[in-house]
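Engineer: The primary structure of each chain is shown beneath.
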Amino acid sequence: MTKSIGAGGGTKNRFFSRGRAESPDSRFAFWLVFPSAAIIMGLLGYPILYAAWLSLHDFKLSRPQSQPFVGLTNFVQMAQDPEFLAALGRTTYFTVLTVGLGVLMALGLALLLAQEFRGNAFARTLLLVPWAVPPVVNGIMWRWIYDGNYGALNWILLKFGVISEAKLWLGTPESALNAVVFAELWKLLPFITLIILASLQGIPRSLYRAARVDGANAWQRFIHITLSSLRNTLILVLILQTMWSIKVFDVIYVLTQGGPANGTTTLFYYGYLETFKFLDVGYGSAVAFTIMLLVLVLTCGYITLLRRQRGSSKVAKEEAKA
Amino acid sequence: MKLIDGNRQEAGLIGGKMSRRRFLGVAGLAAGGIMANACATLEGGGGSGKGGQISIIDDTTNPIIEKEIIPKFEKKTGIKVANYQQVNINELHDKLATMLSSGDDSFDVMVTWAAWSAEFGAAGWLHKLDEGDVPDDLVPGALDAVSWDGVVYGLPKFASVQTMFYNKTLLEEAGLDPEAPPRTWEEFVDAAAQLTSQKRYGYAADFGNIDGAYQNFLRTLLLNGGEMYDDQQNPVFNSQEGVGALDRLVSLVREREGMDPSTMQILHSADLSTLFIEGDTGIVFNWPFQYATATDPAKSTLTAKTLGNAILPGIAVPSATIDGSEGFAISSYSKNTEPALEWLRLVASPEVQRRIVVDEGWLPVSKSLLDDEEVVKALPVVETYKEQSKYKALRYGAPWYSDVTTHLSTEITDAMLGRKSPQEALDAAASEAKKTINGYKGQ
Numbered sequence: 001m002t003k004s005i006g007a008g009g010g011t012k013n014r015f016f017s018r019g020r021a022e023s024p025d026s027r028f029a030f031w032l033v034f035p036s037a038a039i040i041m042g043l044l045g046y047p048i049l050y051a052a053w054l055s056l057h058d059f060k061l062s063r064p065q066s067q068p069f070v071g072l073t074n075f076v077q078m079a080q081d082p083e084f085l086a087a088l089g090r091t092t093y094f095t096v097l098t099v100g101l102g103v104l105m106a107l108g109l110a111l112l113l114a115q116e117f118r119g120n121a122f123a124r125t126l127l128l129v130p131w132a133v134p135p136v137v138n139g140i141m142w143r144w145i146y147d148g149n150y151g152a153l154n155w156i157l158l159k160f161g162v163i164s165e166a167k168l169w170l171g172t173p174e175s176a177l178n179a180v181v182f183a184e185l186w187k188l189l190p191f192i193t194l195i196i197l198a199s200l201q202g203i204p205r206s207l208y209r210a211a212r213v214d215g216a217n218a219w220q221r222f223i224h225i226t227l228s229s230l231r232n233t234l235i236l237v238l239i240l241q242t243m244w245s246i247k248v249f250d251v252i253y254v255l256t257q258g259g260p261a262n263g264t265t266t267l268f269y270y271g272y273l274e275t276f277k278f279l280d281v282g283y284g285s286a287v288a289f290t291i292m293l294l295v296l297v298l299t300c301g302y303i304t305l306l307r308r309q310r311g312s313s314k315v316a317k318e319e320a321k322a
Numbered sequence: 323m324k325l326i327d328g329n330r331q332e333a334g335l336i337g338g339k340m341s342r343r344r345f346l347g348v349a350g351l352a353a354g355g356i357m358a359n360a361c362a363t364l365e366g367g368g369g370s371g372k373g374g375q376i377s378i379i380d381d382t383t384n385p386i387i388e389k390e391i392i393p394k395f396e397k398k399t400g401i402k403v404a405n406y407q408q409v410n411i412n413e414l415h416d417k418l419a420t421m422l423s424s425g426d427d428s429f430d431v432m433v434t435w436a437a438w439s440a441e442f443g444a445a446g447w448l449h450k451l452d453e454g455d456v457p458d459d460l461v462p463g464a465l466d467a468v469s470w471d472g473v474v475y476g477l478p479k480f481a482s483v484q485t486m487f488y489n490k491t492l493l494e495e496a497g498l499d500p501e502a503p504p505r506t507w508e509e510f511v512d513a514a515a516q517l518t519s520q521k522r523y524g525y526a527a528d529f530g531n532i533d534g535a536y537q538n539f540l541r542t543l544l545l546n547g548g549e550m551y552d553d554q555q556n557p558v559f560n561s562q563e564g565v566g567a568l569d570r571l572v573s574l575v576r577e578r579e580g581m582d583p584s585t586m587q588i589l590h591s592a593d594l595s596t597l598f599i600e601g602d603t604g605i606v607f608n609w610p611f612q613y614a615t616a617t618d619p620a621k622s623t624l625t626a627k628t629l630g631n632a633i634l635p636g637i638a639v640p641s642a643t644i645d646g647s648e649g650f651a652i653s654s655y656s657k658n659t660e661p662a663l664e665w666l667r668l669v670a671s672p673e674v675q676r677r678i679v680v681d682e683g684w685l686p687v688s689k690s691l692l693d694d695e696e697v698v699k700a701l702p703v704v705e706t707y708k709e710q711s712k713y714k715a716l717r718y719g720a721p722w723y724s725d726v727t728t729h730l731s732t733e734i735t736d737a738m739l740g741r742k743s744p745q746e747a748l749d750a751a752a753s754e755a756k757k758t759i760n761g762y763k764g765q
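Chains as they are written, first to last, in our numbering: chain A, 1 to 322; chain B, 323 to 765.
Careful, some of the hints might be misleading.
[Said to hold, decoys possible] Keeping only pairs whose Cα atoms sit at most 30 angstroms apart, straight-line, the calculated DSS-like set for lysine-lysine is:
1. K756/B - K657/B
2. K742/B - K708/B
3. K621/B - K60/A
4. K689/B - K708/B
5. K277/A - K714/B
6. K714/B - K397/B
7. K490/B - K708/B
8. K699/B - K167/A
9. K159/A - K521/B
10. K247/A - K277/A
11. K402/B - K389/B
12. K277/A - K490/B
13. K389/B - K757/B
14. K277/A - K621/B
15. K627/B - K60/A
16. K708/B - K60/A
17. K699/B - K689/B
18. K277/A - K397/B
19. K657/B - K714/B
20. K763/B - K277/A
21. K60/A - K397/B
22. K167/A - K397/B
23. K757/B - K277/A
24. K657/B - K521/B
25. K763/B - K450/B
26. K450/B - K247/A
27. K60/A - K657/B
[Unchecked claim] Simulated restraints on C-beta separations:
28. Y50/A - K657/B: 55 to 65 angstroms
29. T92/A - Y551/B: 57 to 67 angstroms
30. Q67/A - D426/B: 56 to 66 angstroms
31. T420/B - T92/A: 26 to 36 angstroms
32. T92/A - K521/B: 20 to 30 angstroms
33. G89/A - E705/B: 19 to 29 angstroms
34. T596/B - A121/A: 58 to 68 angstroms
35. A121/A - S428/B: 40 to 50 angstroms
[Stated by the list, open to error] Residues from chain A that face chain B, not an exhaustive set, calculated with beta carbons under 10 angstroms:
36. L85
37. D250
38. E319
Hints were generated in silico from the structure; no laboratory data involved.
Being a predicted model, the structure only gives us computed values, none of them experimental.
C-beta: ideal position from N, C-alpha, C; glycine also.
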């Protein structure tokens, strides 16, 4: 199995490598892939280019007759817009918490589920429940849980004496943002946990046995075997979850509609308001384009990090061999 | 295979020679088909006013439309309603704006209200109605819901203003006279405080979404004798009256003067209605449908006897209220304007209006129906409405409604949470509103 993947990778490398003669097989593969690749590039490329064009115009849907070219005015306005900057701050807070806490909690859960215990299969099935719930239903469910009068959260906390009076979890900007973070965490945990769990199961048991024989304690085994083997998976999860957290929308739309007092208006929601509520498509496109660039920069950062780590581990292995 | 080919050959479709008679027959059939198709297209185009078809996009306020009004319309006019779609009003603005801005003609008729009539009408997306198409006896708020800047873009489907609903049982238990509801703001605040106990709140509102926060402020502003804009459309809601109005709302929630704190997260008037009919809230200011839901024995703890209804208690003026009337308008891109107009006429007709009042609890759009025996009997709110109509009832629909209300709502919420003083909040909102309005006016 490993061999065949390696062989596939080899073909891919040959296909993209310069200076080597292309085999008839790779040319055939290229033409097989080309139509779907062209369609996908068109479907992605056209909206991106159109959004870029829109972002350079004063394009308001309610004034369709006049759409003057304004250059980078929308971007300059955005950089000076306190609402945009506040939304950027909230998005950063939301992303750091959901990605950081999400990965840590998922790692813990995956380690737990990787152990042999009675009811393990049931626990794994149960884990899928939040993932199976549609995003809108998830939002509505949490709205009920957080309800100031009848919410389950208040009921439980009052019952156990944690709070003395019912709290309005969605009543202030700070608590509402934290409430949204928690609702999102609940939703994203299963996916990250399952990816990490799958990766954990691929780590050979023999490595742990050998480490034990060499006298490594549990912490050392975790750091040098488990975490080290999960590095690529964790980077993948970080990339995916960062992208998803930056473009969070559904849970905010259903739970708080960006309120109270814009307290849960993240970048994506802000872009939505500008585009669809205020019909300012030019400015909204500038916001959307900025989000795309932000995601791109972060993803490139993660990938660079991954490559550096791969490079350093390769050097370490070669040094060890020598 | 042979048999099929044989048949086709026999029919003169392949091979063989076509006789003159056969040629004329085929040509005649083709011409007839084309004519029939053209006639069908013309009929579908709705030029005749009878027959044809329309598509309607509506909000979810009136289930009776799909159940009763559409079949009645189709039977009466012969016009088919090919597509009737209901969308939650909170999601409808974005859908309509996107659709109309791209020239989509999927829907001929769409639901509208004061803000959308202004926004979509000013953008040229709504069909202008001739003076002769507008009935003379429409109540002012209902007409305002389908007009902007002197142009009428549709006909109303129901009228709606907010009035005060109160739980007589709770008033009695709190030692208040259930037959003498508060008439002034001071009396209202006192009553709300008296009605508040360990498990009950005197008053609740729906501040949880953008429009809710705006509506609650606007209502209090009008009750305090203030205005949103001056004659030149300059924002003046940060006046002394505006600050006084917001100050009163802040006091209600911050100083625990009887307002349910969950007010800050109640998103819709329907949620407020549900809270009220559960029986632990003394007073709410809500739309007329509150009567129908509060007297529904399957859902409510109240009855027609224990439900009280009165005009809103004034601050600087005896009373005032906000308008929430809705109507139907025709898309500029519609190719079926005549059948669409037939729909608008039917919905605004006394026959349909009576059903909307009796079955759904909304107010009629015609002045003549306000004294109709069946209407008054079915919806006692009509009597309150007549009294409330003596005072201002506004909504300030305008093309910049979404922008201004969004910013204003954020500032109002900031003030309600104690993060800004009412003056600071309203000054910031007024400054932002001025920029927005100037942007719309191209200044």
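Engineer: Now, for every hint given, state plainly whether the structure supports it.
Structural biologist: Verification of the hints:
1. K756/B - K657/B: violated, 38 angstroms
2. K742/B - K708/B: At roughly 38 angstroms apart (the allowed maximum being 30 angstroms), K708/B and K742/B break the hint.
3. K621/B - K60/A: violated, 45 angstroms
4. K689/B - K708/B: Cα-Cα ~10 angstroms, so holds.
5. K277/A - K714/B: With Cα atoms ~28 angstroms apart, K277/A and K714/B stay inside 30 angstroms; holds.
6. K714/B - K397/B: violated, 40 angstroms
7. K490/B - K708/B: holds, 22 angstroms
8. K699/B - K167/A: violated, 43 angstroms
9. K159/A - K521/B: Distance ~16 angstroms between K159/A and K521/B Cα, so the pair holds.
10. K247/A - K277/A: Holds. K247/A to K277/A sits at ~18 angstroms (cutoff 30 angstroms).
11. K402/B - K389/B: Given pair K402/B, K389/B holds - Cα atoms ~15 angstroms apart, limit 30 angstroms.
12. K277/A - K490/B: The hint is violated at about 40 angstroms.
13. K389/B - K757/B: Given that 30 angstroms is the threshold and the Cα spacing comes to 46 angstroms, the pair is violated.
14. K277/A - K621/B: The hint is violated at about 34 angstroms.
15. K627/B - K60/A: Violated, at roughly 52 angstroms.
16. K708/B - K60/A: violated, 41 angstroms
17. K699/B - K689/B: holds, 16 angstroms
18. K277/A - K397/B: violated, 38 angstroms
19. K657/B - K714/B: violated, 39 angstroms
20. K763/B - K277/A: Since the Cα atoms of K763/B and K277/A sit roughly 18 angstroms apart, the hinted pair holds (cutoff 30 angstroms).
21. K60/A - K397/B: Between K60/A and K397/B the Cα gap is close to 42 angstroms, so the pair fails against 30 angstroms, i.e. violated.
22. K167/A - K397/B: violated, 55 angstroms
23. K757/B - K277/A: Holds, at about 17 angstroms.
24. K657/B - K521/B: Answer violated: K657/B to K521/B is near 57 angstroms, above 30 angstroms.
25. K763/B - K450/B: Distance ~21 angstroms between K763/B and K450/B Cα, so the pair holds.
26. K450/B - K247/A: violated, 40 angstroms
27. K60/A - K657/B: Holds. K60/A to K657/B sits at ~26 angstroms (cutoff 30 angstroms).
28. Y50/A - K657/B: 55 to 65 angstroms: With Cβ atoms ~28 angstroms apart, the hint is violated.
29. T92/A - Y551/B: 57 to 67 angstroms: violated, 38 angstroms
30. Q67/A - D426/B: 56 to 66 angstroms: violated, 19 angstroms
31. T420/B - T92/A: 26 to 36 angstroms: Holds, since T420/B and T92/A (Cβ atoms, about 30 angstroms apart) stay within the stated range.
32. T92/A - K521/B: 20 to 30 angstroms: violated, 41 angstroms
33. G89/A - E705/B: 19 to 29 angstroms: violated, 52 angstroms
34. T596/B - A121/A: 58 to 68 angstroms: violated, 41 angstroms
35. A121/A - S428/B: 40 to 50 angstroms: Because 49 angstroms falls inside the window, the suggested range holds.
36. L85: Violated - the Cβ of L85/A stays beyond 10 angstroms from chain B, reaching only about 15 angstroms at its closest.
37. D250: violated, 13 angstroms
38. E319: violated, 58 angstroms
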